[in-house]
Amino acid sequence: MAKLEFLALSVKVRDRTLLDRVNLSVASGDFVALVGPNGAGKTTLLKCALALRRPTAGTVSLQNTAVSELDARARAAELAWLPQHIRADEPLSALETVAAARFRFRESHAQSRLAAKRALSRVGALEYESRAVSELSGGERQRVAFACLIAQEASTLLFDEPANHLDPAQQLEVYGLLGELWREGRTIVCINHDVNLLNHLGEPERVRVVGLRAGRVAFEARLSESDLPARLGALFGVEMDSVRGTEQRYILPRVRRRS
Amino acid sequence: MKARTLLLALLCLGLFAAGVLGGQSLSGPEGAFIVWQLRLPRVLVGALVGGTLALVGAVFQALFQNPLATPDTVGTTAGATVGALIALTFDGSRTVQGLPLVTVCAFAGALAASFLVASFASARSVHSSDILLAGIAVTLATSAVASGVQYVSDSRALFAATQWSLGQLPQVGYRGVLLLLPICLAAGAGLLLLTRHLQAFALGEELAHSQGVDVPRLRLLSLGLGSLGVAACVAWCGPIAFVGLIVPHLVRLLLGPSYRVVLPMSILVGAAFLVSCDLFARLIVPGRDLPVGIVTAALGAPALVLLVARRRR
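As you go down the protein sequences, you meet chains Z and R in turn. When we follow the numbering used here, the leftmost residue of the first sequence carries the number 1, and every step to the right adds one. When we follow the numbering used here, the leftmost residue of the second sequence carries the number 1, and every step to the right adds one.
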């Protein structure tokens, strides 16, 4: 049974088509990496799943119930989201912020704080639990956001470019943690701009790569498939090379010849 | 932080006591009458109004994610002003069921204006910034109506309207307290129940939605309860500026940004602030009762600038 299902999903804003009859079925325990050029509709797709956007046509359903029908708390029990940008103007402490992410649980504040501490320690952010999120660095803030996501304890996790603006070590850390969450049995949909990072998840033959272009699903392949470089090249309109490294295969855009 | 909170709470209680006891020393039955029948109810009204305005200010600042939001932001005060003006123009001395017509009309006007904004806000697709704009639009439109009413009213009504617009704690005795109490209590308790919702708002509306907050419902509840409380306050006292703006900031600067502290402490500090401003208004010019709105504005504005400047350093 599909956990999260997009059925003929279309989103139009005035005369612009953001999504055009997208069909995508995510089964329990799947890892789906959404790739595609900017403006392909990746973020819109996630926002439709969260009922943050109303589709013009089609439906998104969560275990056979349309997400728009779900009560907010019931939806939050199934779906958690790490957005691309996080507003952090308020100088709330990291601990209070993560405790607030436990909103869906009807529990005491002490219980929320306890769970928040566990989540913070899991992402290695316990040392700055009492610092204000507005004063944290980009990498530190991303860890706190991750802790929020973990504290929500949802079974399906949606990520929007989780390694954006992070340094290489932090990027590896993020994808390592994603792999851990996945192996624990969570279902994950993750927008990604660098497929090479997906190798840090492990099990490349189980990672689904879905290419989106101009609001449509252009292709779907496994991360381990041999024609993935060619398909990614076609998706982005560049030539892609595949390079054998010591541990993994790297897919990189070829330098364009000047004519 | 806990010690600071406690200290601030004690200070507030001290200010309440000063509000009742401050002024000429009184003795005998006449003194007892002044303290128990005049001053105490006035302090109670001041505490209810100050606490409500400050709490609603804190809630609206969280809801709109805007530090400049105030209880007036959604047009409540502007609506009350029109209501009061209409009542004063027709017959300022009339009463309805024993209540001054001015109060009744101001209450109705405040609710009507906030209802306009709230009905706009309940639409699913709007953002918080749109509601703020709707509030400004309603405020401007109501001001136009107010100007129209002023144009046709006589000088006596205009003078009374000006007096009303200065903001003053009325000598209404315990009846006023009893009328305000249930409304302020309901609004306050309801808003305090939304603390967790508002805390989740700290990282933005969309993230709060994904964490399980029903955003349209939260908006409607906070706008509805907040406007109800403010409408009652404005109807009795006229517009009292700055309490709803500066008290939440003051509490945040002293005790940190957690709404679990800011919301309840805003009530207490707002109440103490208005009561002490009123004490000041009673004492500053001997023999005269200055409108408290003048004092809150005169004290509040520089206090806010000073606090913000100190925080920046």
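Hints were generated in silico from the structure; no laboratory data involved. Being a predicted model, the structure only gives us computed values, none of them experimental. Wrong hints could be hidden among the right ones.
Said to hold, decoys possible - Within a straight-line C-alpha distance of at most 25 Å, the following computed SDA-like cross-link-like pairs (lysine to any residue) qualify:
hint, chain 1, residue 1, chain 2, residue 2
1, Z, LYS117, R, PRO216
2, Z, LYS3, Z, SER93
3, Z, LYS12, R, PRO216
4, Z, LYS12, R, GLU206
5, R, LYS2, Z, LYS3
6, Z, LYS12, R, PHE120
7, Z, LYS117, R, ILE34
8, Z, LYS3, R, HIS127
9, Z, LYS117, R, LEU21
10, Z, LYS117, R, HIS127
11, Z, LYS117, R, LYS2
12, Z, LYS12, R, LYS2
13, R, LYS2, Z, GLU135
14, R, LYS2, Z, THR65
What the hints assert, rightly or not - Computed list of chain R residues with no C-beta within reach of chain Z, every gap over 12 Å:
hint, residue
15, ASP91
16, ALA112
17, LEU207
18, PHE280
Cβ atoms here follow ideal geometry from the backbone N, Cα and C, with glycine treated the same way.
Now the hints, each set against the structure:
no.	hint	result
1	Z/LYS117 / R/PRO216	violated (30 Å)
2	Z/LYS3 / Z/SER93	violated (35 Å)
3	Z/LYS12 / R/PRO216	holds (23 Å)
4	Z/LYS12 / R/GLU206	holds (20 Å)
5	R/LYS2 / Z/LYS3	violated (46 Å)
6	Z/LYS12 / R/PHE120	holds (23 Å)
7	Z/LYS117 / R/ILE34	violated (55 Å)
8	Z/LYS3 / R/HIS127	violated (30 Å)
9	Z/LYS117 / R/LEU21	violated (48 Å)
10	Z/LYS117 / R/HIS127	violated (32 Å)
11	Z/LYS117 / R/LYS2	holds (20 Å)
12	Z/LYS12 / R/LYS2	violated (52 Å)
13	R/LYS2 / Z/GLU135	holds (23 Å)
14	R/LYS2 / Z/THR65	violated (46 Å)
15	ASP91	holds (49 Å)
16	ALA112	holds (30 Å)
17	LEU207	violated (6 Å)
18	PHE280	holds (32 Å)
Checked against the numbered hints above, the structure violates hints 1, 2, 5, 7, 8, 9, 10, 12, 14, 17; every other hint is satisfied.
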